[in-house]
Amino acid sequence: MAFSFSPKYTQDIPLENLTSEQFLVLAIEAAKKLDWNIGYTSETGFLAYTPFSLSSYSEEVKIKIEEGNAHLKSECTGSQLVDWGKNKSNIESLVSTIAELKNTTTPEELSRKFDDIKPTLISKEEDLLNQPPATTKENVTSFFAIFKPTKGYFITPILINLNITIFILMILSGVNWFLPETESLIKWGANFRPVTLEGEWWRLFTNIFLHIGVFHLLLNMYALLYIGLLLEPHLGKIRFLSAYLLTGITASLASLWWHDFTVSAGASGAIFGMYGVFLAMLTTNLIEKSARKALITSIAIFVGYNLLNGMKGGIDNAAHIGGLLAGLLIGYAFIPGLRKPNESNKKFLTIGIMSALVLGVCIFAFKKIPNDIPTYDKKINEFTVNESLAVEVYSLPEGTPKEKLLYNLKDRGIYYWKENINLLNDLETLNLPDAVHERNQRLIKYCELRIKSYTLLYKSIEEDTDIYNDSITYYNTKIENIIKVLKGNL
Numbered sequence: 000m001a002f003s004f005s006p007k008y009t010q011d012i013p014l015e016n017l018t019s020e021q022f023l024v025l026a027i028e029a030a031k032k033l034d035w036n037i038g039y040t041s042e043t044g045f046l047a048y049t050p051f052s053l054s055s056y057s058e059e060v061k062i063k064i065e066e067g068n069a070h071l072k073s074e075c076t077g078s079q080l081v082d083w084g085k086n087k088s089n090i091e092s093l094v095s096t097i098a099e100l101k102n103t104t105t106p107e108e109l110s111r112k113f114d115d116i117k118p119t120l121i122s123k124e125e126d127l128l129n130q131p132p133a134t135t136k137e138n139v140t141s142f143f144a145i146f147k148p149t150k151g152y153f154i155t156p157i158l159i160n161l162n163i164t165i166f167i168l169m170i171l172s173g174v175n176w177f178l179p180e181t182e183s184l185i186k187w188g189a190n191f192r193p194v195t196l197e198g199e200w201w202r203l204f205t206n207i208f209l210h211i212g213v214f215h216l217l218l219n220m221y222a223l224l225y226i227g228l229l230l231e232p233h234l235g236k237i238r239f240l241s242a243y244l245l246t247g248i249t250a251s252l253a254s255l256w257w258h259d260f261t262v263s264a265g266a267s268g269a270i271f272g273m274y275g276v277f278l279a280m281l282t283t284n285l286i287e288k289s290a291r292k293a294l295i296t297s298i299a300i301f302v303g304y305n306l307l308n309g310m311k312g313g314i315d316n317a318a319h320i321g322g323l324l325a326g327l328l329i330g331y332a333f334i335p336g337l338r339k340p341n342e343s344n345k346k347f348l349t350i351g352i353m354s355a356l357v358l359g360v361c362i363f364a365f366k367k368i369p370n371d372i373p374t375y376d377k378k379i380n381e382f383t384v385n386e387s388l389a390v391e392v393y394s395l396p397e398g399t400p401k402e403k404l405l406y407n408l409k410d411r412g413i414y415y416w417k418e419n420i421n422l423l424n425d426l427e428t429l430n431l432p433d434a435v436h437e438r439n440q441r442l443i444k445y446c447e448l449r450i451k452s453y454t455l456l457y458k459s460i461e462e463d464t465d466i467y468n469d470s471i472t473y474y475n476t477k478i479e480n481i482i483k484v485l486k487g488n489l
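In terms of numbering that gives the first Met the number 0, the sequence shown is numbered consecutively and its last residue is 489.
Hints were generated in silico from the structure; no laboratory data involved. Keep in mind that the hints are not guaranteed to be accurate.
Per label pair, the in silico range of CB-to-CB distance [claimed, not checked]:
| no. | residue 1 | residue 2 | range |
| --- | --- | --- | --- |
| 1 | L217 | E342 | 20 to 30 Å |
| 2 | I300 | K366 | 36 to 46 Å |
| 3 | E197 | K288 | 47 to 57 Å |
| 4 | E479 | K409 | 20 to 30 Å |
DSSO-like, lysine-lysine: derived pairs with alpha carbons at most 27 Å apart [as the list claims (entries may be wrong)]:
| no. | residue 1 | residue 2 |
| --- | --- | --- |
| 5 | K451 | K7 |
| 6 | K101 | K31 |
| 7 | K186 | K63 |
| 8 | K486 | K458 |
| 9 | K150 | K346 |
| 10 | K31 | K112 |
| 11 | K123 | K63 |
| 12 | K378 | K458 |
| 13 | K377 | K288 |
| 14 | K236 | K147 |
| 15 | K401 | K367 |
| 16 | K147 | K123 |
| 17 | K87 | K32 |
| 18 | K87 | K63 |
| 19 | K339 | K123 |
| 20 | K458 | K401 |
| 21 | K87 | K150 |
| 22 | K377 | K403 |
| 23 | K123 | K101 |
| 24 | K377 | K339 |
| 25 | K377 | K150 |
| 26 | K236 | K311 |
| 27 | K112 | K123 |
| 28 | K63 | K112 |
| 29 | K150 | K123 |
| 30 | K403 | K345 |
| 31 | K417 | K367 |
| 32 | K7 | K112 |
| 33 | K417 | K483 |
| 34 | K483 | K378 |
Ideal Cβ placement from N, Cα and C applies to all residues, glycine included.
Full structure from sequences and hints, please.
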């Protein structure tokens with residue numbers, strides 16, 4: 000059972016008494032017999048893709064013939080960590096099928112079949128088999144290579160290093176490495192509607208590089224590594240980076256639009272965006288035909304699983320969907336320029352148009368997305384001031400004249416409790432989370448009980464009687480119970 004970033008199995012076998020042409024014919028015939036989809040073919044080998052099944056996302060099988068030996072490799076095309084022995088089984092099936100065909104096919108038949116396929120083979124001079132499309136994962140040959148920028152894999156490691164560095168800095172500053180507190184995330188630049196819409200627009204960008212715990216970081220970096228190795232060689236540095244940032248910002252905006260009171264952070268929105276870009280490219284002939292089906296299947300499973308998993312709660316699916324849709328749009332916008340790689344003006348024009356579009360959507364959303372939390376906070380501050388004025392009667396010294404006590408109970412106390420009820424009723428018209436509306440209802444009940452208590456206390460003082468004491472005690476007990484509930488919900 001292989002276990003690595005991209006599970007694979009390799010085996011070298013000698014050609015023995017076969018020529019390279021004869022072995023190539025046998026290998027191609029064996030792949031067809033195994034019902035593999037043969038794609039790239041050259042005079043020195045070929046690429047084939049196994050069928051999708053419940054036990055496999057489809058593997059890429061590569062045959063390279065050189066110096067009297069055949070190098071056979073089967074590698075997973077999906078993002079799985081474990082292949083459960085599937086790659087080894089593929090190579091064993093290929094080797095045994097080649098042996099069977101060798102025993103039943105004459106040298107003359109092999110020569111004739113090679114002559115039939117020869118016109119379709121890529122010549123040795125133009126052979127790209129050492130670095131064909133969809134096999135760029137070979138850039139990562141060791142663990143440390145993940146973090147090292149190289150040709151065709153330059154922006155991805157920089158993004159990975161940046162995400163990890165920011166997480167380490169958060170930990171060093173005292174942020175919990177396993178489950179950071181909400182306040183810590185907001186301090187470091189997480190996306191949160193009440194503050195983002197209050198002028199801190201940069202949070203749409205900064206939250207892309209924050210993560211809510213080490214497992215969140217590791218999962219996202221693995222997904223980024225996988226899609227980066229596949230996609231960056233096709234897009235190039237500038238397109239890849241611009242697509243990552245634009246889809247990440249769009250994902251943040253989608254989260255802002257959907258969630259009233261949720262703190263959002265993580266690279267997953269941008270990563271979903273890159274999967275969207277690649278999905279768009281896979282619907283065209285920019286990717287080698289035989290590789291498309293395997294890659295589409297793998298990516299569709301990744302996207303579908305994560306979207307379904309996000310429905311459980313605690314996961315920002317709005318950002319995932321927003322990033323994915325933005326990625327599809329950007330991916331299709333890139334296609335004309337990718338078809339004509341020498342026309343750099345088309346590349347920069349497309350990036351400029353997409354950037355302007357995202358900026359325009361951000362400006363529109365900032366004007367249209369309701370942000371009533373700051374208004375709520377302002378009103379609650381008014382509530383607190385009114386409450387302090389209403390309870391001043393309890394701070395009056397002993398011997399305070401009766402008229403002053405009555406004035407403070409009725410014209411200040413009851414008056415400000417009623418003002419607070421009016422203020423809270425106004426807050427009910429705001430777009431607030433359900434939990435805040437529930438709290439408002441408790442505060443209204445609290446004020447109503449205060450009014451009843453003050454009214455009875457006013458009568459007790461005015462009539463100079465104790466007959467209202469039990470009722471006053473009853474209301475005060477209910478007031479204390481509501482205060483406990485309110486404090487418990489803070």
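Discussion item. Is 20 to 30 Å respected by the C-beta to C-beta distance linking L217 and E342?
Written reply: The hinted range 20 to 30 Å is violated for L217 and E342, with Cβ atoms some 40 Å apart.
Worksheet entry | Hint consistency between K7 and K112 [alpha-carbon to alpha-carbon, up to 27 Å] | The given pair, whose Cα atoms are some 30 Å apart, is violated under the 27 Å limit.
Practice prompt. Mind checking the alpha carbons of K123 and K101 for me, to see if they're no more than 27 Å apart?
Written response: holds (25 Å)
Discussion item. K150 and K123 were given as a pair; does the straight-line alpha-carbon distance stay at or below 27 Å?
Written reply: Given pair K150, K123 holds - Cα atoms ~23 Å apart, limit 27 Å.
Worksheet item: Is it true that the CA of K483 sits at most 27 Å from the CA of K378?
Response: Holds, at roughly 22 Å.
Worksheet item: Taking only the CA atoms, is the gap from K236 to K147 under or equal to 27 Å?
Response: With a Cα-Cα distance of about 14 Å, the restraint between K236 and K147 holds, given a limit of 27 Å.
Worksheet item: If you draw a straight line from the CA of K123 to the CA of K63, is it 27 Å or shorter?
Response: holds (12 Å)
Practice prompt. Can you let me know if the beta-carbon spacing of I300 and K366 is within 36 to 46 Å?
Written response: holds (39 Å)
Worksheet entry | Pair hint outcome, K377 versus K288 [Cα-Cα no greater than 27 Å] | violated (60 Å)
Worksheet entry | K377 paired with K339 [C-alpha distance capped at 27 Å] | Violated, at about 56 Å.
Practice prompt. With a cut-off of 27 Å on the C-alpha distance, tell me whether K87 and K150 pass.
Written response: Measuring from Cα to Cα gives roughly 30 Å; hence the hint is violated.
Discussion item. Next pair to validate is K458 with K401; report whether the Cα-Cα distance is within 27 Å.
Written reply: holds (12 Å)
The structure does not agree with the numbered hints 1, 5, 7, 8, 12, 13, 15, 16, 21, 22, 24, 25, 26, 30, 31, 32 stated previously, though it agrees with the rest.
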